[in-house]
Structure formats: structure tokens, C-alpha cells
Amino acid sequence: MTNDKDTAKAAPDDAPTLVLFRHDLRLADNLALSAAADCGRPVVAAFILDEESEGMRPLGGARRWWLHHSLCALAGRLSDLGAELVLRRGRMAETTVALARETGAATVFWNRRYEPAAIHADKKMKAALRENGIAAESFTGQLLHEPWRIKTGSGGFYRVFTPFWRTLSEGFVPREPADAPEKLSVFKGDVESDRLDDWQLLPTRPDWAGGLRKAWTPGETGAHKRLEAFLDGGGKGYETLRDRMASEATSSLSPHLSHGEITPYQIWQHLEHRNDLTPGDLQTFRKELGWREFCWHLLFHNPQLAAKNFNSDFDAFPWNRDDGALQAWQRGRTGYPVVDAAMRQLWQTGWMHNRARMIVASFLVKDLRLDWREGEQWFWDTLVDADPASNPANWQWVAGSGADAAPYFRIFNPVLQGEKFDSGGDYIRRYVPELENLPSKGIHKPWKAKGEALKKAGITLGKTYPEPMVDHATAREHALSDYKSLKSE
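Residue numbers (the working numbering): 1042 to 1530.
Among the hints, erroneous ones may be present.
[Claimed, not checked] Cβ-Cβ distance ranges computed for the label pairs, FRET-style: (1) K1229 with E1329: 33 to 39 Å; (2) P1244 with S1353: 36 to 42 Å; (3) A1494 with I1191: 54 to 60 Å; (4) A1139 with T1208: 29 to 35 Å; (5) A1076 with Q1368: 33 to 39 Å; (6) G1251 with R1171: 24 to 30 Å.
[As the list claims (entries may be wrong)] No farther apart than 27 Å at their CA atoms in a straight line, the calculated lysine-lysine pairs in the DSS-like style are these: (7) K1504 with K1489; (8) K1461 with K1491; (9) K1328 with K1277; (10) K1277 with K1224; (11) K1504 with K1525; (12) K1277 with K1489; (13) K1497 with K1461; (14) K1482 with K1496; (15) K1192 with K1328; (16) K1224 with K1328; (17) K1486 with K1461; (18) K1491 with K1525; (19) K1486 with K1497; (20) K1349 with K1525; (21) K1489 with K1461; (22) K1486 with K1504; (23) K1255 with K1266; (24) K1504 with K1491; (25) K1192 with K1164; (26) K1266 with K1277; (27) K1461 with K1328; (28) K1266 with K1328; (29) K1164 with K1461; (30) K1165 with K1349.
The hints are simulated quantities; they were obtained by calculation from the structure and are not laboratory data.
Backbone N, C-alpha and C fix where the C-beta goes; we use that ideal spot for every residue, glycine too.
Please take these sequences and the hints and turn them into a complete structure.
In C-alpha cells form, the structure reads like this:
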């Protein structure tokens, strides 16, 4: 039986190599692209937008915006090497085979994806290519580990982060990131490409992306600039400062990682060369990378992570159905300033501080007792870093239904959280400007401010800023009661 390498060797010397870009919109540390460059054959670089293969979840609006600009950046980087980025849309298997046959490609290279639906689509693609006599080879993708290779002592998958991280990190020697190719042999033939604008990834009526444009620079170059800025600034003191919502003490690399504009290997390498960061800062940040790996580990072994409770006990939980409450939460009109600031940050910038994510998630599922899936879906549509693994895994973690989850009875008090992690109220003032004239002492609970203070600040509760939609103490008791009834069944 002829294998892929034999097929590639038997092909004409000028038969091109087709390189697929998916969640790897970069030139550096792109093993598929590096392998294609090393072969010396002409390269056809392509991105296929696949929202049609079985089980593929269509991208949310914020990620579609990011994808448009990231593809523009990638096309520019490839153009510097004399290559064109070919755009196609359709099912991965059929579209790839068609493009390979059009260009006469002898080989197709790609970096592996790890969400179950994408794995299924790629298996079909590999089989279809081989049926057509086209060699196919995949390379490690956007993770430090292959999810099927790390196993517990009993041969299963990890359900708790600490032993997972211990297994992954002890003795871990990351590979050296690959440099971007200095040159490519360019395909000279004619090949049709979709126009990116025709995909209509950008919002138009209305154009809600103004805040995203101000906040982000999608693309490989933007990713590395953000990493360097973080390490030179917020990385120092990361261990203690990362929960302060008004500070610039987080990396904000998550959307760049989600789109594969930078790899965890590249980040790890940069950390290795930073002697100005404390061991605590370095270890804490590495563990954040480890948590991302853990989420992908969970998704690989639980394909329905975004739809089903990891802990089936929660299937009987009596979630509320309240569209008005959900909408108030989405719009940042709950009457709890730190919750409202976080939700407005999300709407304006497509991103939210990690501490804020935990606060608003706890408020939705425990104060409002709305199904965590409602929150997960809203984040999926509005986050530029909406990740098929981290998004559902983290929502289930807060809800108490997930792996290694926070206990359901751990219910964040939104006032205390604000006072602790935004003590001066700077985060609230930035995103809830109607409260900016309240003193720091009262900004976390304006409903308790004296009438004179509210008047002086120009606030009329219920009009210029809402009253709290629920009493936290009462809501907490209701949530605990529902949880206890669930456990007693």
C-alpha cells in the first residue's frame, strides 16, 4: 500500500503543497507552513471558512469581526513572501479536495484542531484526500499537549486541574518555536479566491465594532506587541495584581491565542528569558496557560461541553426563565455597579477582565438563577476570545456543574467583590460613567448613598441608574435552597 510520503515523492517536482490555515493565523511557529517551505515545492496558502461540516458551531459576531482583520493581517504577511492567501468557504473535506485538484497539489499540510467537530471534519478530509491520491499530513496545533496523550493512572482523562497540571508541567521541556519562513516557493498558477468582504464578517447595520477597533490590533504582529507590552508592564507583579480590574495587569492575549496568532510555545519561550519577573509571577502565568490546556482536555473528552452539564446532577436544577432579567444582565443594567461595568466592558471592547467574568457569571447563575448556557451563548457571541473549550468549561466551573468546579454554594457577593478588586471604583467609573461622581466609599452600592450624595452626583435611582434588580442576600438564600433540594433528590 502506498503511503502519503511515497505519494508526495512520486509527484512532479513542481506539484504544489497546499497549506491550510485555520486556528493558526500566523507564519512563525506554524509547523505545517514550515514543513511546506522545507519541501521546496510551490506553496498554495488557503483559509477555508467551514460553518457547514457536521457539528461546527458558527462563530459569534465578535469573533467574526476579529477573523476578518486577522485574515487581512495574515494575507499581508504572506504577500511579503510573494504568496497569496486563497479564501474558500464550505465543508472542509469537499472544499479542500476541490482546491487541491484545481491547483494540482501533491500534498496537503495542516495543523491539528482539537474540538471534536473539527477533528471529525479533518478525519473526513484526510480520507477524501487519500482517496484522490493526494498526500496528507498534520502537525501539532495550538496546545502544549495532545489531549488524547495525557491520561490518569487508571487510563482515563483528568477531571481535576491540579493533578493535570502536575502531569503536564513536571519535567516539561517545551519544543523550540519555529521561525517564520524567510522565503517560499510561490505557486504561479491561477487559482480563484473568494473576496473577504463578500463573507460579510464585519457588522454594518449597525456597526457596533467601534470599541473593538480602538481596543485591539488583530494579527500576528499585534499578538507579539501585546505580549511584549505585558511582560514589560503588567507581568511585573502579575501574581498579586492580576485580579485588580482597573489595572493593566493581565496579558489580554486570549483572543490572539484563540485565533492562533501566537502559540503557547512562543509565550513559554518569552517567559524563560525574563529574569526581571519573580518566580511567583512566572508560575502563576504559566498556570493560566495550563488552565487553558485543561479546558481543551475537557472538551476533547466531553464533546457536548457547551450544551450538557458535565455533572449530570445539575440536569434537574430548577433554573429560572426570565428574558427580562437576562436582558438586563446583558445590557449592564442590573443595579450592581461592578456587574454592570463588566457587562458594558464586554459590549464595548469584546473582552472582559477574568475576575469580572467570574463575578458576572456568578450573578447570572446564582443571584438570577438563570441557566449557565444563556451566559455561555452571550459570551460566545460577544467575546473576541470566545473559545470552544474555555468558554463552556469556565461557565460550568462557576455554575458548579463542571469539572473541578467552584462549589455551587460559593456565591460571589457583587458588592464585596467590587470593594475588594476595584476598591477605588476606577473600573466602575470607566464603564458606568453615570456613577463617576460618587465617592469611592459609596460607588459599589449607590442604593445606600444618602439622597444629598446622589443629588450632588447627578443620580436618580431608577432613572439615571437602576435600582438593584435583586436583593443579593435573599437571592443567595433562594439559590442555596434550590441547590440543597437538588442534592437531596
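We went through each hint and held it up to the structure:
The hinted window of 33 to 39 Å between K1229 and E1329 is violated, with their beta carbons roughly 45 Å apart. Distance hint for P1244 and S1353: a CB-CB separation of about 38 Å, consistent with the stated range 36 to 42 Å. Checking the proposed 54 to 60 Å range against A1494 and I1191 shows it holds: the Cβ atoms sit about 55 Å from each other. Separated by about 42 Å at the C-beta atoms, A1139 and T1208 break the suggested range of 29 to 35 Å.
Between A1076 and Q1368 the CB atoms are about 49 Å apart, so this pair departs from the stated range of 33 to 39 Å. Look at G1251 against R1171: about 47 Å separates their beta carbons, and that is not inside 24 to 30 Å. At roughly 16 Å between alpha-carbon atoms, K1504 and K1489 fall within 27 Å of each other, so this suggested pair holds. At roughly 22 Å between alpha-carbon atoms, K1461 and K1491 fall within 27 Å of each other, so this suggested pair holds.
About 16 Å separates the Cα atoms of K1328 and K1277, which keeps this hinted pair within 27 Å; it holds. A threshold of 27 Å between alpha carbons decides the hint, and for K1277 with K1224 the separation of about 37 Å lies outside it, so the pair is violated. At most 27 Å may separate the alpha-carbon atoms for a hinted pair to count; K1504 and K1525 exceed this at roughly 37 Å. Restraint check for K1277 and K1489: not satisfied, since their Cα atoms lie roughly 37 Å apart, outside the 27 Å limit.
Distance hint between K1497 and K1461 is fulfilled; the C-alpha atoms sit about 25 Å from each other, no more than 27 Å. Among the hinted pairs, K1482 with K1496 is consistent with the structure: their alpha-carbon atoms are about 16 Å apart, no more than 27 Å. Restraint check for K1192 and K1328: the C-alpha separation of about 19 Å stays at or below 27 Å, so the hint holds. Taking the CA atoms of K1224 and K1328, the gap is about 36 Å. The hint is violated against a cut of 27 Å.
Distance restraint check for K1486 and K1461: the Cα-Cα separation of roughly 13 Å lies within the 27 Å cut-off, and the hinted pair is therefore satisfied. Using a Cα cut-off of 27 Å, the hinted pair K1491 and K1525 is violated, with the two alpha carbons roughly 38 Å apart. Of the pairs offered as hints, the one joining K1486 and K1497 holds, with about 16 Å between alpha carbons and a cut-off of 27 Å not exceeded. Our distance criterion of 27 Å between C-alpha atoms is met by K1349 and K1525, whose separation comes to about 21 Å.
For the hint pairing K1489 with K1461, the CA-to-CA distance comes to about 18 Å; that is within 27 Å, so the pair holds. Only pairs whose Cα atoms come within 27 Å are accepted, and K1486 paired with K1504 is accepted, the gap being roughly 16 Å. Our distance criterion of 27 Å between C-alpha atoms is met by K1255 and K1266, whose separation comes to about 15 Å. For the given pair, K1504 sits about 16 Å from K1491 by alpha-carbon distance, which is consistent with the 27 Å threshold.
Simply put, K1192 and K1164 have alpha-carbon atoms about 23 Å apart, close enough for the 27 Å limit, and the pair holds. Between the alpha carbons of K1266 and K1277 the distance comes to roughly 17 Å, so the proposed pair stays at or under 27 Å and holds. Distance restraint check for K1461 and K1328: the Cα-Cα separation of roughly 23 Å lies within the 27 Å cut-off, and the hinted pair is therefore satisfied. At roughly 22 Å between alpha-carbon atoms, K1266 and K1328 fall within 27 Å of each other, so this suggested pair holds.
Between K1164 and K1461 the alpha-carbon distance is near 49 Å, which puts this suggested pair outside the 27 Å criterion. A C-alpha spacing of about 26 Å is found between K1165 and K1349, which places the hinted pair at or below 27 Å, so the restraint holds.
Going through the hint list in order, the structure does not satisfy hints 1, 4, 5, 6, 10, 11, 12, 16, 18 and 29.
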